[in-house]
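S.K.: Letter by letter, the chains look like this.
There are 2 protein chains.
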Amino acid sequence: MSLIVQKFGGSSVANAERVFHVADIVTKTYAKGNSVVVVVSAQGDTTDDLIAKAKEINAEASRREMDMLLSAGEQISAALLAMAIEKLGFPVVSLLGWQAGFQTSSAYSKARIRRVEPSRIRKELDKKNIVVVTGFQGVNRYGDMTTLGRGGSDTSAVAIAVAMHADLCQIYTDVEGVYTADPRKVKNTRKLDVISYDEMLELASLGAQVLNNRSVELAKKYGVELEVLSSMSRRPGTIVKEASKMEGMLISGVAKDEDVARVSIIGVPDRPGLAFKIFSKLSAKNINVDIILQSVGRNGTKDISFTVSRDNMKETIGLLNPYVELIGATKVLYDENVAKVSIVGAGIESHPGTAARMFEALYESNINIQMISTSEIKISVLINRADADRAVEVIHNKFFGQPAEEA
Amino acid sequence: MSLIVQKFGGSSVANAERVFHVADIVTKTYAKGNSVVVVVSAQGDTTDDLIAKAKEINAEASRREMDMLLSAGEQISAALLAMAIEKLGFPVVSLLGWQAGFQTSSAYSKARIRRVEPSRIRKELDKKNIVVVTGFQGVNRYGDMTTLGRGGSDTSAVAIAVAMHADLCQIYTDVEGVYTADPRKVKNTRKLDVISYDEMLELASLGAQVLNNRSVELAKKYGVELEVLSSMSRRPGTIVKEASKMEGMLISGVAKDEDVARVSIIGVPDRPGLAFKIFSKLSAKNINVDIILQSVGRNGTKDISFTVSRDNMKETIGLLNPYVELIGATKVLYDENVAKVSIVGAGIESHPGTAARMFEALYESNINIQMISTSEIKISVLINRADADRAVEVIHNKFFGQPAEEA
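Order-wise, the sequence lines are chains F and R.
Using this note's numbering, the letters of the first sequence map in sequence onto residues 4 to 410.
Using this note's numbering, the letters of the second sequence map in sequence onto residues 4 to 410.
Only chain F is shown next, with the shape it has when bound in the complex:
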């Protein structure tokens, strides 16, 4: 008998039929003798509908009231799922975030979970109840409703798994697991049976939006084994766990991130500390800088290029423009027509030829590399956005073989 946490996203409970489908998965797990805690998101478009209602009234509504509004969404889906489970004849109780012991920071709309105090959940499990918990929400120390931000339900599920020492945390989604590349775009992709936390983190941050990043970080920190699987098929998904516990593949996947823009400061005087000051300025505004490239310019000056997310582009340029004159640089350039393509794999560190194979694939397809960034388990290149899908495909073919129909 195991304790299993199962999380279902908004599309999995979008209508009565799907709610029953979820209830079926949950009760089958319970009927096998497991204790089951279910974490559920708001139904389908509920959150968007509520946001639309709010915008109609006040586009600058306080985040506190937005959280009060939005947390009603999971309340509805949790109650409906509990009713479906009742209908199937199983004992069940639904709990709101605050009832389930979710204590968060006060940062409305993007609160962090401070602690899950699981006594109520434990009590209900002891009574042999299936426990349905609202994802995405908690209360701060003032007893006010908070939400964890988009994708927060994954984090809710992992946090319960941590607090309850669950044996497994299953994240049900609309894909069958983690793939070597986006299966909607690339042929011949493979579902991974297993992937390490670090690889998953790199893939998530690189735009393969399967799992919320904070949930993976939390799972990693406490060693909670995750399974990403589809609520539609009944096949095993992808297990996310510690690298030391798995046979490493060379690379696990190829990911594309189009939410990226390149900024270049041209003709920066060659004085120590200038680069540091530039990046401190951005850091102070919570602008994350990713790939950085420093190159020699004319007359002993340097050109400094880096990437930021496209959302931050405008603010970055606005911050840098006055500064450029001050330090005696020439100008600031930017390019939004770029994309980042990356390979991720625990085997990269121990296989020095991996980068060369990746670059070879791009070279063979005449795709120009603008910038490169590497870590122990990741190699990223910045290229023209127009080339991005093709780049993913040729890199994927290089590492995972040609599509069957072309082989």
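Some clues are possibly wrong.
Identical copies go unnamed one by one, so any copy, or any two together, can satisfy a pair.
Said to hold, decoys possible - Once the Cα atoms are required to be at most 27 Å apart in a straight line, the calculated DSSO-like pairs of lysine-lysine come out as: (1) 130 / 113; (2) 113 / 126; (3) 58 / 31; (4) 284 / 224; (5) 244 / 223; (6) 90 / 126; (7) 58 / 131; (8) 280 / 130; (9) 188 / 31; (10) 194 / 90; (11) 113 / 90; (12) 224 / 401; (13) 58 / 305; (14) 31 / 317; (15) 317 / 288; (16) 31 / 56; (17) 284 / 188; (18) 58 / 90.
Quick caveat, the hints were computed from the structure, so don't treat them as lab data.
Using the hints, position chain R against chain F.
M.R.: Chain R alone, transformed into the frame defined by chain F:
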């Protein structure tokens, strides 16, 4: 500077425009220097929509989960109203039932308020916030969501007024106050400036659905002055207060109740205690019996007639049928085509001719009286349902004069 509780029903906040209309009333009250606590129901059809969603999944869902589901409705309306008040530039905070200190019994779907622990509301008022509280809901001693049943938001408002020692509790509705009869059906009705708690209670229980009965009982118990008024017009409404504090009118209103059925047990043997046993049987099943008439039947037997609400009719017949044989009575008859028409007024007790005037009005219109019931402040008659509207009109004319256009 006063503390004013204002309650707005679901139709008052049905859409963005109306929400702003309510926000305008609230902020104008606040701007005059008052402390304001607003109690709000779920928007328009939200509750019905949620019930429909539940029914689609499980028509026999537990009451606990129904309360979990339904309490999301006021959460949404309270947040939206707070956003509208923010938009108008006023400080505001919304609170859920449990945050506002509403502790209730555990009777899901019809919980009773045990206590309002108002420290959070007080704290927010001290900070000069307008406080928006969700009506209709609270938590039981297990920390589970409960609802007070339909119309419960009125009770929520009065309970806050009691707990906070408010100076006035305004119940905003879609009529301008309490009328001498239903203004949609009877010509020449008058809005009452003032009415006593007891009269209001009789009127509410008799089918003049202006105020929830429990809210009036609570207001009476703690002497909270209520004002019933329209959120659309800006005119003064009807004040509900203690009879001793007002000049009594002879009668305050004429009401009609069609949710009534007549049951007759024919040929009950004339043995002591049989009537008692019959009514105990019904009482044990929570069936309320209203007008009772005992008449002499044939051969020394009695006929016992009484009224129950139409909802209880079937169950009543089912309970009585086996019993009738047992006690040697002849049979059970019933009639659903009846209605109860009543006059209510603090002056009835001191004016013995009032009943005669009422019966005269019915006699003049050839309306047959089946049963009569009287109390200090009420006279009710049971008549054919087909005559009910006409009966209300002729009684109203008798006491309040002919419609102007016919005079």
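S.K.: Each hint: holds or not?
M.R.: Tested hints:
1. Within a single copy, residue 130 and residue 113 get their C-alpha atoms only as close as 33 Å, which misses the 27 Å cut-off; across copies the closest is 25 Å, which meets it.
2. For the identical chains of this complex, residue 113 and residue 126 are inter-copy neighbours only, at 25 Å across copies versus 29 Å inside a copy, given an alpha-carbon limit of 27 Å.
3. Proximity of residue 58 to residue 31 under the C-alpha cut-off of 27 Å is restricted to the inter-copy arrangement: shortest distance 23 Å between copies versus 41 Å within a copy.
4. For a Cα distance limit of 27 Å, the shortest separation of residue 284 from residue 224 qualifies neither inside one copy, at 31 Å, nor across copies, at 64 Å.
5. In this assembly of identical chains, residue 244 and residue 223 lie within 27 Å of each other by CA distance solely inside one copy; the values are 7 Å within and 64 Å between copies.
6. With identical chains, the CA atoms of residue 90 and residue 126 are at most 27 Å apart within one copy only, with a shortest distance of 22 Å there and 43 Å across copies.
7. Taking the shortest Cα distances, residue 58 and residue 131 sit within 27 Å of each other only across copies (26 Å), while inside one copy they are farther apart (42 Å).
8. For the homomeric pair residue 280 and residue 130, neither the shortest alpha-carbon distance inside one copy (59 Å) nor that between copies (42 Å) is at most 27 Å.
9. Taking the shortest alpha-carbon separations for residue 188 and residue 31, neither the intra-copy value of 34 Å nor the inter-copy value of 57 Å comes in at or below 27 Å.
10. Taking the shortest Cα distances, residue 194 and residue 90 never come within 27 Å of each other, neither inside one copy (35 Å) nor across copies (49 Å).
11. Proximity of residue 113 and residue 90 under a CA criterion of 27 Å is satisfied inter-copy only: 22 Å between copies versus 35 Å inside one chain copy.
12. Within a single copy, residue 224 and residue 401 get their C-alpha atoms no closer than 33 Å, and across copies no closer than 82 Å, so neither meets the 27 Å cut-off.
13. With identical chains, the CA atoms of residue 58 and residue 305 are never at most 27 Å apart, being 46 Å at best within one copy and 68 Å at best between copies.
14. In this assembly of identical chains, the alpha carbons of residue 31 and residue 317 never lie at most 27 Å apart, being 51 Å within a copy and 41 Å across copies at closest.
15. Taking the shortest alpha-carbon separations for residue 317 and residue 288, only the intra-copy value of 13 Å comes in at or below 27 Å, while the best inter-copy value is 71 Å.
16. For the homomeric pair residue 31 and residue 56, the shortest alpha-carbon distance between copies (24 Å) is at most 27 Å, but the shortest distance inside one copy (38 Å) is not.
17. For the homomeric pair residue 284 and residue 188, neither the shortest alpha-carbon distance inside one copy (38 Å) nor that between copies (72 Å) is at most 27 Å.
18. For the identical chains of this complex, residue 58 and residue 90 are inter-copy neighbours only, at 11 Å across copies versus 37 Å inside a copy, given an alpha-carbon limit of 27 Å.
Violated hints, in rising order: 4, 8, 9, 10, 12, 13, 14, 17; the structure is consistent with all others.
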